[in-house]
Amino acid sequence: MEKCEKHSHSAREALAELIEQSTGQSVAKCYQCAKCSAGCPLAEDMDIPPSRLLHMVQLGLPEFDEKALKSLTIWLCLACETCSARCPKEVEIPKIMDFLRQESLRRGLAHAQAKNIISFHRAFLDSIQYLGRLFEPGMIADYKARNPRSAMQDVLTAPRLFLKGKLSPFPHAVKDRKHIARIFERAAKKEKR
Amino acid sequence: MKFGYYPGCSLSGTAREFDESLKALASAVDLQLEEIPDWNCCGSTAAHNLSHLLSLALPARVLALAEQHGLNEILAPCSACYSRLINARHQLMADEELRKEVNDLIEMNFTGSAKVLNVLEALFKVFADESTVKVVKPFDHKVACYSGCLLVRPAKVVNFDRPEDPQAMDDLIRKFGATPIDWPHKVECCGAGLTMARTDLVCKLSQKIIESAEKRGAEAIVVACPMCHANLDMRRADIEAFAGKKYSIPVIYITQAIGLAMGLGEKQLGLNRHLVPVVFPEKTKAAPAAPEAQPAQKAEE
Amino acid sequence: MSRIGVFICHCGENIASTVDVAKVAEAAAKMPGVAHAVDYKYMCSDPGQSLIKDAIKEKKLTGVVVAACSPHMHEPTFRSAAAVAGLNPFLCEMANIREHCSWVHEKSELTTEKAIELVRVMVEKVKRNKPLHPIKVPITKTALVIGGGIGGIQAGLDIANAGHKVILVEKSPSIGGHMAQLSETFPTLDCSQCILTPRMVEVARHPNITLYTYSEVESISGFIGNFKVKIRKKARGVDEKLCTGCGVCAQKCPRKKVLSEFDAGLGLRTAIYVPFPQAVPNMPVIDRKECTYYIKGKCKVCEKFCEKKAIRLDQQDEIIEADVGAIVAATGFDVKGTDFFPEYGYGKYQDVITGLQFERLASASGPTLGAIKRPSDGKTPETIVFIACAGSRDPAKGIEYCSKICCMYTAKHAMLYKHKNHGGKACVFYMDIRAGGKMYEEFVRRAIEEDGVNYIRGRVSRVYEEDGKLIVKGADSLLGGQPIEIKADMVVLATAMVANADAEELAQKLKVSYDAYHFLSEAHPKLRPVETNTAGIFLAGAVQAPKDIPETVAQASAAAAKVCGLFSSAELSRDPVIAVVNRLPPPVFSTCTGCFLCEKACPYQAIEREEIRDKKGNLLKVVARINPGLCQGCGTCVALCRVKAIDIQGFTNEQVLAEVLAL
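Respectively, the protein sequence lines represent chains A, B and C. My numbering numbers the first residue of the first sequence as 1 and each following residue consecutively. My numbering numbers the first residue of the second sequence as 1001 and each following residue consecutively. My numbering numbers the first residue of the third sequence as 2001 and each following residue consecutively.
Because the hints were derived from the structure by calculation, they are not lab data. A hint or two may mislead.
To be verified - Simulated pairs of lysine-lysine, DSSO-like, Cα-Cα distance not exceeding 27 Å:
| no. | chain 1 | residue 1 | chain 2 | residue 2 |
| --- | --- | --- | --- | --- |
| 1 | C | K2230 | C | K2509 |
| 2 | C | K2348 | B | K1175 |
| 3 | B | K1215 | C | K2379 |
| 4 | C | K2487 | C | K2379 |
| 5 | B | K1245 | C | K2487 |
| 6 | C | K2379 | C | K2141 |
| 7 | B | K1175 | B | K1204 |
| 8 | C | K2511 | B | K1215 |
| 9 | B | K1156 | A | K164 |
| 10 | C | K2230 | C | K2252 |
| 11 | A | K29 | B | K1156 |
| 12 | C | K2348 | C | K2487 |
| 13 | A | K175 | B | K1246 |
| 14 | C | K2230 | C | K2298 |
| 15 | C | K2473 | B | K1245 |
| 16 | B | K1134 | B | K1267 |
| 17 | B | K1215 | C | K2469 |
| 18 | C | K2418 | C | K2379 |
| 19 | B | K1215 | A | K115 |
To be verified - According to the in silico footprint, chain B covers these stretches of chain A (three or more CB under 8 Å from chain B):
| no. | segment |
| --- | --- |
| 20 | 50–61 |
| 21 | 176–186 |
What the hints assert, rightly or not - Beta-carbon label-pair distances, calculated as ranges:
| no. | chain 1 | residue 1 | chain 2 | residue 2 | range |
| --- | --- | --- | --- | --- | --- |
| 22 | A | R107 | B | D1140 | 17 to 27 Å |
| 23 | B | F1124 | C | G2635 | 36 to 46 Å |
| 24 | A | A181 | B | M1093 | 35 to 45 Å |
| 25 | A | A188 | B | H1069 | 53 to 63 Å |
| 26 | C | S2513 | A | R107 | 46 to 56 Å |
Just so you know, even glycine gets a beta-carbon here, dropped at the ideal spot from N, CA and C.
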């Protein structure tokens, strides 16, 4: 797809190009039928429904690339795969969404309201980085530390879960924790995170 | 019959009863589950959201470990784990360069020889021989089979059942005396990993599912995914607050339903661990009629 | 002694700007066997051609080489000129110094040298050319039209009215095709059957048309002008000469609940039935799969009540053999059913129907006598959602193309519904509106502006049933992808137009190529839309690609014109550039060893076995013989023949070798 050369920022490739390089998906395939938005469970709650987000990327203009990366949409996306299951052009939107999330963080453009969603993911990965497995109480504590406003969330449910044996006070860990740590280190280095 | 076993983080924690009921069932049908030694977390939603390489490396380590221990078929009961493992395997098998990159990262040699099965596939294999279907107390209830998102999508990767109106869970539970209903929310997302960060959206989505099932006369929602179970069961109070109404329908794992039909005990199957009590209404003549699910029919042209 | 004339064309600047044409002419004049060599600005022009004609006469030339453009362009031009001057046209050849030289190289000495080489090669060939004469083949002036829809009817009538005989074969019990199922046609909203049935009757009564309904083409052999067809006339179970079409048999038939194909599954018929009241011929057919007599051996009620004693329960299929000279394939199309759509319910919702089913509802002769009613409960729908592009333009579902007619018929359906239910709500979910025909754009705007049909740009993700309503979850892309949910009473899917299930089989019987979607292939998409690559077989209508009625009728008449053109001469003239197995004097007779590898390989089944006998009638050897009427000159047998006993006239092994050696 021809990009409007005179608008392109010389230092930066268009998002559509980066998407294709990283995921193999060509946004040019999308003919804007909006079937994805029609079936997306959270389209109404997103600031930019998925079909419109894809069109923004199709334009190849830096201001729209930025809008896409700043959207709340990419963080609300549940990766439920409903969109790609029904897309007539077989565009794999979940893969594109994954890339946009990662790129958004790389450029520091994440939507303000997505802070707690991102914290949740970070807290989750922290637990795996140090233990190799999820230690739920630890992860929740981590999450709440990052989002003090959520401190009282589920405070009543937690004891019930604990009594039912669903929340263990002791973390399970992988034996070869150093191996996991190395994997995380290498990945971070390669992805320049 | 033996499968390599990948419980994943949730089956060791908040979805303990899924693990318990599966193991109880396994011993009842002479199924061996060999846990992958020193397995790590698959990365779940967090990894693929934040890091492409981690989303591949973490599952690759799990599968490489399985291969090292000679395990060819891995049962991953958690739908999210199943999805991460099978998608990573698919991507790495398709791209040799990527596979090499990830193998270097994890210092192991993933080849793809270990295949990943979801719990329904595994159960179908176990019960393929009709003699293993030993129904002691038929699970004589109308049930809403809830497959969730990841058991049947993306269709080209999981290649299991059908992505719209799936029938596998229905077929399976029918063998044990249940009557699965026809309902439109079989694969509608429950809200997944936003359970803590956006509980309001989880309530919105999960409520639709519960409402739909109850409305059509289902006495239980049968699930095969710990995330779905958590949102539909553990979050029930939040959902009721959101909707301003009460919902009493219990949410049980397919393994628990089958376990009950095969005469296993409630405690054995972990039913007491649920937040929504697993009770069934008394059978009266005035029970609401629910549309019975028919095996898929051809349209008349 | 060879006396070859060489004519180098400048082709304006096309050749002259890169090749030194004067030098080429000079070099040609020195080539052995060349008696005349000139160069000229435009050889294909009148004066250019005169140069050739004059030279042939004056210099008594035995062959001509025109070094110019591609033979695809002007070989016929120069060959006719040669013929006029009295030289056998096959003694005139072209050396392509344009596409093969001046157009692909820069101006240089090497380029000129290459041009000279190309001329030299062609001179060597032409020295060895032999005069050839077109092969005359007789023509049977009867046409076979396969398919009795509007396309077949139009083609049949046009050919018959031109004075030729037509055999029209239709596989269902009546002609009329899908057009007979329609309610009203766009853009005029003419009643479909009203404009169709007069044509159907004309076909039945036309003295030049032999109509075989409930019949199928069993096999086709032969070649243009000389096809042999076998038609299977399936057993109707009724004596055609006695039946009056009174309809008592269908009235009395106890098997009343068979799904009617004509009503697209929305209505019922009996086991012995006439598909619709205006059927031509107006004669019933017994569906043996549903008739109690054939299933259980009992009943025979129809036989009992038939006044004319026309029921023939023991009737068998009949094979009819016919000779025809041309074939028109007009077998039409099929539509996808609602079960093709997992996201719309896999066909389980009765009120989700196809466009064709909607036509039956809207049709005055349909199951609801023209009232739009829900198949589930017979109530009038208050809100109908029309989903365009259901299956078409959908690579994920395997159909990438556009079905062309749906934008128009969807607008039509919405309009018909609004005309019959003023208070009703009609919504169309669309991606684009394709209304390119005459009065088509105005038609769609009328639906939107006058009839109040609501057009929403976006597709529908899924449809499911809730509380007796169909929940349609779509989106509006013009509002940025805003999800739109509509609670409808009925959903009409504009399903994709596809080839018939047996289209592939038919194409193979006809030996006509077809594409991945099983649409039969035209010879050239722009310039030869109704011909196929198989000589003598023509296409008309949706069998070639999705199209509407005006286009089908135009194609049908075009195919008929081609057929009439074919039939306008007494004999067919065939290009003599065909393969020939050599024949020599006794005792050799031919170097052919009779291995018949060529026979197996020939794609046109043009090779026969010829028995060589002595004067007493004893068999000496069996050798291959190529049928000059069938051979297409592809050269497969020539390449395969282990003893080189086969040659192509005009491209013999000797000629080609000479060309190579001349380089």
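Which hints, by number, does the structure contradict?
6, 7, 8, 9, 10, 13, 14, 19, 20, 22, 23, 24, 25
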